[in-house]
Amino acid sequence: MHSVASRTRRSGVRIPARRTTLTGWLLAAGVGFAAVFAPATTATAAPAFVSCPAGDYENVDHACVPRPGSDPDGATAQCGDGTYSYSRHRNGTCSHHGGVERWL
Numbered sequence: 002m003h004s005v006a007s008r009t010r011r012s013g014v015r016i017p018a019r020r021t022t023l024t025g026w027l028l029a030a031g032v033g034f035a036a037v038f039a040p041a042t043t044a045t046a047a048p049a050f051v052s053c054p055a056g057d058y059e060n061v062d063h064a065c066v067p068r069p070g071s072d073p074d075g076a077t078a079q080c081g082d083g084t085y086s087y088s089r090h091r092n093g094t095c096s097h098h099g100g101v102e103r104w105l
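Each residue of the sequence shown is one higher than the one before, counting from 2 in my numbering.
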């Protein structure tokens, strides 16, 4: 059984407890130093909102496209970005399109 004061390597050589404690503190200090002084990453901003003229809407690609005069045949929902969904189930409808604006 190992004593509290030391540890034994695989080779059978004992490591003093002070050394293992010091190694742990140095490792923790190094990780903390790296976290504080690492260069900050900058997130790229999403494109600015495009103001579309009346009768148009902004699609997922941030382009203005004409809004259809009536709901397309077979569409089940209109999405937040103006696109239509033909989903047969509510789960996932208009995913990545701003959610469901209205059910048809």
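It is possible that some hints are incorrect.
[Stated by the list, open to error] Label pairs and their in silico Cβ distance ranges:
id, residue 1, residue 2, range
1, 27, 100, 44 to 52 Å
2, 29, 81, 40 to 48 Å
3, 96, 52, 20 to 28 Å
4, 97, 24, 43 to 51 Å
5, 105, 28, 57 to 65 Å
6, 88, 28, 45 to 53 Å
7, 91, 64, 42 to 50 Å
FYI, nobody ran anything at the bench for these hints, they're computed from the structure.
In this text the structure is predicted, and so the values were computed from the model without any measurement.
Even for Gly, the Cβ is constructed at its ideal location relative to N, Cα and C.
Each hint tested on the structure:
A beta carbon spacing of about 50 Å between residue 27 and residue 100 agrees with the range 44 to 52 Å that was offered as a hint. Roughly 46 Å separates the CB atoms of residue 29 and residue 81, a value that falls within the hinted 40 to 48 Å. The hinted window of 20 to 28 Å between residue 96 and residue 52 holds, with their beta carbons roughly 25 Å apart. A hinted range of 43 to 51 Å for the beta carbons of residue 97 and residue 24 is consistent with their spacing of about 48 Å.
Judged by the Cβ atoms, the range 57 to 65 Å given for residue 105 and residue 28 holds: they are separated by roughly 60 Å. Here the CB-CB span from residue 88 to residue 28 is close to 51 Å, well matched to the stated 45 to 53 Å. The hinted range of 42 to 50 Å is not satisfied by residue 91 and residue 64, whose Cβ atoms lie roughly 28 Å apart.
Checked against the numbered hints given earlier, this structure breaks only hint 7.
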